[in-house]
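> Taken in order, these protein sequences are the chains called A and B.
The numbering of the first sequence is the working numbering, which starts it at 6 and goes up by one.
The numbering of the second sequence is the working numbering, which starts it at 6 and goes up by one.
The hints are simulated quantities; they were obtained by calculation from the structure and are not laboratory data.
It cannot be assumed that every hint is accurate.
[What the hints assert, rightly or not] Selected chain B positions facing chain A (in silico; Cβ < 8 Å):
#, residue
1, Y105
2, C112
3, L116
4, V154
5, I162
6, N163
7, V274
[What the hints assert, rightly or not] Once the Cα atoms are required to be at most 30 Å apart in a straight line, the calculated BS3-like pairs of lysine-lysine come out as:
#, chain 1, residue 1, chain 2, residue 2
8, B, K198, B, K290
9, A, K142, A, K198
10, B, K290, A, K303
11, A, K303, B, K198
12, B, K142, A, K142
13, B, K303, A, K142
[Unchecked claim] Pairwise CB distance ranges (calculated):
#, chain 1, residue 1, chain 2, residue 2, range
14, A, D50, B, A343, 52 to 60 Å
15, B, C282, A, T106, 46 to 54 Å
16, A, V283, B, D247, 27 to 35 Å
17, B, P344, A, T106, 57 to 65 Å
18, B, P49, A, I98, 37 to 45 Å
19, A, T106, B, G251, 48 to 56 Å
20, A, L146, B, A70, 41 to 49 Å
Just so you know, even glycine gets a beta-carbon here, dropped at the ideal spot from N, CA and C.
Number of protein chains: 2
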Amino acid sequence: MDYEAFYRGRPVMITGGAGFIGSNLAHRLVQLGANVLLVDSLIPDYGGNLFNIRDIEDRVRMNIADVRQESTMSYLVRHVDVIFNLAGQVSHIDSMRDPYTDLEINCRSQLSILEACRRNNPGIKVVFAGTRQVYGKPEFLPVTEQHLVRPTDVNGINKVAGEYYHLVYNHVFNVRACSLRLTNIYGPRQLVKHNRQGFIGWFIRLAVEGRELQIYGDGSQLRDFVFVDDAADAFLRAGASDACNGEVFNVGGSEPVSHRDLVQLLLEVAGTGSARCVEWPAEKKAIDIGSFYADSAKFRAATGWQPRVGLREGLARTVAYYREHLPHYLEPGDPGAAPAS
Amino acid sequence: MDYEAFYRGRPVMITGGAGFIGSNLAHRLVQLGANVLLVDSLIPDYGGNLFNIRDIEDRVRMNIADVRQESTMSYLVRHVDVIFNLAGQVSHIDSMRDPYTDLEINCRSQLSILEACRRNNPGIKVVFAGTRQVYGKPEFLPVTEQHLVRPTDVNGINKVAGEYYHLVYNHVFNVRACSLRLTNIYGPRQLVKHNRQGFIGWFIRLAVEGRELQIYGDGSQLRDFVFVDDAADAFLRAGASDACNGEVFNVGGSEPVSHRDLVQLLLEVAGTGSARCVEWPAEKKAIDIGSFYADSAKFRAATGWQPRVGLREGLARTVAYYREHLPHYLEPGDPGAAPAS
Chain A
6 MDYEAFYRGR PVMITGGAGF IGSNLAHRLV QLGANVLLVD SLIPDYGGNL
56 FNIRDIEDRV RMNIADVRQE STMSYLVRHV DVIFNLAGQV SHIDSMRDPY
106 TDLEINCRSQ LSILEACRRN NPGIKVVFAG TRQVYGKPEF LPVTEQHLVR
156 PTDVNGINKV AGEYYHLVYN HVFNVRACSL RLTNIYGPRQ LVKHNRQGFI
206 GWFIRLAVEG RELQIYGDGS QLRDFVFVDD AADAFLRAGA SDACNGEVFN
256 VGGSEPVSHR DLVQLLLEVA GTGSARCVEW PAEKKAIDIG SFYADSAKFR
306 AATGWQPRVG LREGLARTVA YYREHLPHYL EPGDPGAAPA S
Chain B
6 MDYEAFYRGR PVMITGGAGF IGSNLAHRLV QLGANVLLVD SLIPDYGGNL
56 FNIRDIEDRV RMNIADVRQE STMSYLVRHV DVIFNLAGQV SHIDSMRDPY
106 TDLEINCRSQ LSILEACRRN NPGIKVVFAG TRQVYGKPEF LPVTEQHLVR
156 PTDVNGINKV AGEYYHLVYN HVFNVRACSL RLTNIYGPRQ LVKHNRQGFI
206 GWFIRLAVEG RELQIYGDGS QLRDFVFVDD AADAFLRAGA SDACNGEVFN
256 VGGSEPVSHR DLVQLLLEVA GTGSARCVEW PAEKKAIDIG SFYADSAKFR
306 AATGWQPRVG LREGLARTVA YYREHLPHYL EPGDPGAAPA S
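The following block holds chain A by itself, in its conformation from the complex (with noise of 0.2 Å):
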């Protein structure tokens, strides 16, 4: 079957469904005729944000809650054939200062997940947002599944773990289960309102805002970006096949970019905003991984999946968006911030 009329009237959940990348994928779905479920515990320093939603909000239902809760997991997961498990906590920099908040949700959370689809639906399938931070700093590039696993921070390693619980409920218990390894997704619905969630959404805006963006050091090291329509059809292609199962892949840009050209790009895309290259700060030094792009040829093999909005086109597409949007995006004590609603 299509793995898009694979969707038509199929009960879906989306945990961190209010999320960047699970609002995107939620948009899609709904397109597809799924009947989707979007679970979002809407920690204010998170990525959920009610207003990703609100174009479809009376076509998905949502439920407030926390994966960590495991009866209300154990209760939601009864009626959904497909788990898209985005929820999570995604900054480095706060994992190195609380190092426990991270594992409680990016750990515990996921076995709460996986006990109750074991207990109460073992026939469901789970498709789990993994990332590239779990390679740490790479040996040889592109980086392919092969590489070894060295996780640079807490995050890393919880985020890793969390995976690993996926792959050993697929194989021991039967639970259906991948993990996609996410390289640097970027697009409308990116939380921007603190820079502690990755550097591209945080660099959209400040162009947005005609501000200065800050390079580290020379900025040539290369990264590989996935506009997040790509990244919300990897989701559904993977739920859609057997053929993922128990398995990792990597989820990655068509090519690599330095940072200086992409901030370069950016800026003429935006025509507003400025740069600069500044020594790197000692902390973020620590955790740093050099240059890093993926080989996706696995999933690529797979599902068919490659990506299709290039960088120029996903970067327009998302300044337009927060020139529009951006007040909605803001911490409530911002000055340019929307109205709580």
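With chain A fixed as given, assemble chain B onto it according to the hints.
Chain B in isolation, oriented as in the chain A frame:
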């Protein structure tokens, strides 16, 4: 400096100090003149046993505490130079029945210890007891540290997360730490009161009791075995060597042996017991990994360690120990158990 001389008068802590490897290491450290603090929770089902340290109880300090307890660990780490970090839940089977407890003991507790060091004694050195389990089912033999980490059960996942924390705290916070990935350790003072902590201790008990040993399948799968005195020596060398910081090392036996040959040798050495091949129980088969043996060349190159006690001699010493002391290693309700002390 000679690694043994390094410990003269030196304050050291062993977590899991009343357990199998911890107590054997404590005996050696006492001989070397170290100032030894043992920390153990003495949780009934685990390996801590005060009988293990009766010979040295006047020459060590014993502090009963749970390594998950943050304030306790914050206090205890202040005045020691080296932590041998051996506390943990080691049953694969239990971890699949109750993954949350395994998470607490093998992940959260490691964060407690490392946060305590980071905040109160960053000049400390920590040697973590890792495990070959992290490799899962091997892709090649012997297994080197370049083999992918792919645990097959929840315990293996949590143990590797605990190990990764040590490496990150070494790299980011300069809390010097390394991990020894131990294969199958055997010898005096091992838990034998139930069979959920690996088969070798259990087999030795059955042989000593003159009972029947069950070999799963045809017994052709290979393993490597390390006598506990050699494992203790590995910890001493790693604790004294800054060449080990930030690294993981396999610590395995000198040559692989099949289950069948191991049992034959054990029965010959013991002169009691019998053996029979039986079908694999489904629960165990689901998490079995086939043959496994490790390449320890990296650790040998870094520290000069090599195993000195051969399998026949090690088994003979272990059998002699349990012939004399078995009642102290049985459940209180067991007819052969020693009276509670």
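> Are V274 (chain B) and chain A close enough, Cβ to Cβ, to be under 8 Å, as the hint says?
violated (35 Å)
> Has the given pair, K142 (chain A) with K198 (chain A), been kept, meaning a C-alpha gap of at most 30 Å?
Given pair K142 (chain A), K198 (chain A) holds - Cα atoms ~28 Å apart, limit 30 Å.
> Does the alpha-carbon distance linking K142 (chain B) and K142 (chain A) stay inside the 30 Å limit?
holds (25 Å)
> Please check whether Y105 (chain B) passes as an interface residue: C-beta within 8 Å of a C-beta belonging to chain A.
With a closest approach of 6 Å, the Y105 (chain B) hint holds.
> Against the range 46 to 54 Å, how does the distance between the Cβ atoms of C282 (chain B) and T106 (chain A) compare: consistent or not?
holds (50 Å)
> Does the Cβ pair P49 (chain B), I98 (chain A) satisfy 37 to 45 Å?
holds (41 Å)
> Checking hints one by one. Is C112 (chain B) an interface residue toward chain A, by the C-beta closer than 8 Å rule?
holds (6 Å)
> Need the status of pair K290 (chain B), K303 (chain A): alpha-carbon distance at most 30 Å?
holds (29 Å)
> Regarding the hint that V154 (chain B) lies at the interface with chain A, is the smallest CB-CB distance below 8 Å?
holds (5 Å)
> Taking 52 to 60 Å as the hint, is the beta-carbon distance of D50 (chain A) and A343 (chain B) inside that range?
This hint holds: roughly 55 Å between Cβ atoms.
> Given the hint that K198 (chain B) pairs with K290 (chain B), does the C-alpha gap stay at or below 30 Å?
holds (22 Å)
> Does the Cβ distance between P344 (chain B) and T106 (chain A) fall inside 57 to 65 Å?
Between P344 (chain B) and T106 (chain A), where Cβ atoms are some 46 Å apart, the hint is violated.
In terms of the numbered hints stated before, the structure departs from hints 7, 11, 17 and 19, listed from lowest to highest.
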